[in-house]
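We have chain A; now place chain B onto it with these hints.
Protein chains in written order, with this note's numbering: chain A, 260 to 563; chain B, 260 to 563.
Among the hints, a few may not be true.
If several chains are the same, the list does not tell them apart, and a pair holds so long as it fits within one copy or across any two.
As the list claims (entries may be wrong) - Taking lysine-lysine and the BS3-like style, the derived pairs with C-alpha atoms no more than 30 Å apart in a straight line are:
| no. | residue 1 | residue 2 |
| --- | --- | --- |
| 1 | 508 | 321 |
| 2 | 279 | 337 |
| 3 | 447 | 464 |
| 4 | 464 | 534 |
| 5 | 447 | 534 |
| 6 | 451 | 337 |
| 7 | 333 | 279 |
| 8 | 451 | 534 |
| 9 | 321 | 534 |
| 10 | 464 | 508 |
| 11 | 279 | 447 |
| 12 | 451 | 464 |
| 13 | 337 | 321 |
| 14 | 451 | 279 |
| 15 | 447 | 337 |
| 16 | 374 | 458 |
| 17 | 333 | 374 |
| 18 | 464 | 401 |
| 19 | 321 | 279 |
| 20 | 374 | 447 |
Calculated directly from the structure, the hints in this document are not laboratory data.
Bear in mind the structure is a predicted one, so any value in this text is a computation, not a measurement.
Number of protein chains: 2
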Amino acid sequence: MSLVVVGTVAFDDVATPFGKADRIVGGAATYAALAASYFTSGIELVSVVGDDFPTTVLDDLKARGVDLAGLQIKAGEKSFFWAGRYHDNMNQRDTLDTQLNVLAEFDPVLPDSYKDAEFVMLGNLTPSVQMRVIEQLETRPKLIAMDTMNFWMDNTPDALNEVIAKVDMLIINDEEARQLSGEYSLVKAAEKIMAMGPKTLAIKKGEHGALLFQGDEIFFAPALPLAEVFDPTGAGDTFAGGMMGYIAKTGDISFDNLKRAIIYGSAMASFCVEKFGTERMTELDDAAIRARLQRFVDLVRFDV
Amino acid sequence: MSLVVVGTVAFDDVATPFGKADRIVGGAATYAALAASYFTSGIELVSVVGDDFPTTVLDDLKARGVDLAGLQIKAGEKSFFWAGRYHDNMNQRDTLDTQLNVLAEFDPVLPDSYKDAEFVMLGNLTPSVQMRVIEQLETRPKLIAMDTMNFWMDNTPDALNEVIAKVDMLIINDEEARQLSGEYSLVKAAEKIMAMGPKTLAIKKGEHGALLFQGDEIFFAPALPLAEVFDPTGAGDTFAGGMMGYIAKTGDISFDNLKRAIIYGSAMASFCVEKFGTERMTELDDAAIRARLQRFVDLVRFDV
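So that you can see chain A by itself, here it is in the shape it has in the complex:
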């Protein structure tokens, strides 16, 4: 089934204790679309780049079945750019540079063929841009998921809350959930956030796994313990993309299937961090994904 993925397509400079990679392709929508492309073919991208963006990368996305009719290419402008450096523990990073470029004036336009999408993933963007996408949908999707970040909680809380009220699932990290709710306990945070609109909440905890809340139900998806994490960039977007790709493939939004989906998302994220940038996300196959999923099964399988 069709999955609209909205978010950044960008260049990143990334420095980790393992090395440095300059001007590699990144962006939330890139990671999310790549992860989802292993599960479903109906991916419809909504984003914007400058004419500095390599057409080979766009061709690769197309080859993976990603529809680029919703990707605006702005002549004479530059693509969004982010530079960051990870600390030794890989759990913290400093942003060294952010150049909005084409993103500063981004007005998303949904091609007509996208307007009846069954599933929508709104990557982290200005809330008003996320809202513009929702407004252009002609039929109510089966599930709209969104990501956001603390910057919008600080600076545009009203616009953010309006979008949150309209989505079915929020996918944010533990710090963001705490800030959004004002609660330290994630159980209490989840209650407050679900009262803001989303029926379902996924809280990402990085190397500590992820929690999925819906009503009184709680599910915990472990993270795979890894010997090496080369580059965490994009892991959260890959998680969301893998999750939404699996939901779009199955068309099933029952809580039992969302549990499976969050495990698929976690598995895809565990691949993402194994190499710099999107590299690992372009070389997987079904056998590798099945084997990784089995490791998740084995990691938490017990009987009492």
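Then chain B, alone, in the frame of chain A:
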């Protein structure tokens, strides 16, 4: 089967954002013995208190089937005392006072009836005291587990490493595993620590669950997401005690049974934090424990 539990029996002053409790009964061996007592009756305590320690508490332990022949009561001396205050997030605490008292000269003496114990839990103590216990065992137990802390890594690393080399399972937290191994990745830390002697390693991550390592096997035990944590004191000792109590009950040290045991330990720890001190650990029953275990099953149950 018999389980020797070695560790502190003490008084604690505990302050949390929810309140303050002064001079309550605590100590690693107290928590571990209480937790284990729900699973096995052959618990043999090795510890020391002053004559200021309430006999009613000792009677309660006896009533729960704990053998106190190895508990020394020092006339005219005072029991070990610890005072601490938890931060708002409950994940960090400051030690406000530590009075070793009877612990300063603790020379553990194993009653003859303890010397053929099948299972031994060495709570966090001076490594030389832990070693003195091992030396008095006349038959090799099926499994010796130990806890320790960063203080001994800093101050008596050689003596600590000698004890570690003699035990079957080390149960420490993530910070301690990182310090002991010099590795940030817990997978790499586990490899190094198991090369120091212990065949099995349990790494406690507090609200983020626990990892169990043996050879190439990794198992993850989730922590139950809780709306309120009233007092984390003793949760780690309760975890270890619940785990060892279940192992002693079953007599089974296969990795599959250790997985079950770490879930039992996690379940007991999830009770411990619900009230101040040991209170919650004295009022449980089988039905409550079964129901709690089921919540752990439901928390991570999925199929792919």
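Tested hints:
Taking the shortest alpha-carbon separations for residue 508 and residue 321, only the intra-copy value of 18 Å comes in at or below 30 Å, while the best inter-copy value is 59 Å. With identical chains, the CA atoms of residue 279 and residue 337 are at most 30 Å apart within one copy only, with a shortest distance of 22 Å there and 58 Å across copies. In the homo-oligomer, the alpha carbons of residue 447 and residue 464 lie at most 30 Å apart both inside one protomer (16 Å) and across protomers (21 Å), since each shortest distance falls under that limit. In this homomeric assembly, residue 464 and residue 534 come within 30 Å of each other (Cα to Cα) both inside a single copy, at 20 Å, and across copies, at 26 Å.
When the C-alpha separation of residue 447 and residue 534 is checked against a cutoff of 30 Å, the pair qualifies only between copies, where the shortest distance is 18 Å, while the shortest distance within a copy is 36 Å. For the identical chains of this complex, residue 451 and residue 337 are neighbours neither inside a copy (40 Å) nor across copies (48 Å), given an alpha-carbon limit of 30 Å. Taking the shortest alpha-carbon separations for residue 333 and residue 279, only the intra-copy value of 28 Å comes in at or below 30 Å, while the best inter-copy value is 62 Å. Taking CA atoms no more than 30 Å apart as the test, residue 451 paired with residue 534 passes between copies only; the shortest distance there is 24 Å, against 37 Å inside one copy.
Only within a single protomer do residue 321 and residue 534 lie at most 30 Å apart by alpha-carbon distance; the minimum there is 22 Å, versus 57 Å between protomers. Taking CA atoms no more than 30 Å apart as the test, residue 464 paired with residue 508 passes inside one copy only; the shortest distance there is 25 Å, against 35 Å between copies. Taking the shortest Cα distances, residue 279 and residue 447 sit within 30 Å of each other only across copies (23 Å), while inside one copy they are farther apart (39 Å). Proximity of residue 451 to residue 464 under the C-alpha cut-off of 30 Å is found in both arrangements, the shortest distances being 18 Å within a copy and 26 Å between copies.
For the homomeric pair residue 337 and residue 321, the shortest alpha-carbon distance inside one copy (21 Å) is at most 30 Å, but the shortest distance between copies (75 Å) is not. When the C-alpha separation of residue 451 and residue 279 is checked against a cutoff of 30 Å, the pair qualifies only between copies, where the shortest distance is 28 Å, while the shortest distance within a copy is 40 Å. In this homomeric assembly, residue 447 and residue 337 never come within 30 Å of each other (Cα to Cα): the closest approach is 43 Å inside a single copy and 42 Å across copies. For the homomeric pair residue 374 and residue 458, the shortest alpha-carbon distance inside one copy (23 Å) is at most 30 Å, but the shortest distance between copies (58 Å) is not.
In the homo-oligomer, the alpha carbons of residue 333 and residue 374 lie at most 30 Å apart inside one protomer (23 Å), although the nearest pairing across protomers, at 80 Å, exceeds that limit. Taking CA atoms no more than 30 Å apart as the test, residue 464 paired with residue 401 passes inside one copy only; the shortest distance there is 26 Å, against 37 Å between copies. For a Cα distance limit of 30 Å, the shortest separation of residue 321 from residue 279 inside one copy, 28 Å, qualifies, whereas the shortest one across copies, 62 Å, does not. Taking CA atoms no more than 30 Å apart as the test, residue 374 paired with residue 447 passes in neither setting, with 36 Å inside one copy and 48 Å between copies.
When held up to the earlier numbered hints, the structure conflicts with 6, 15 and 20 and fits the remainder.
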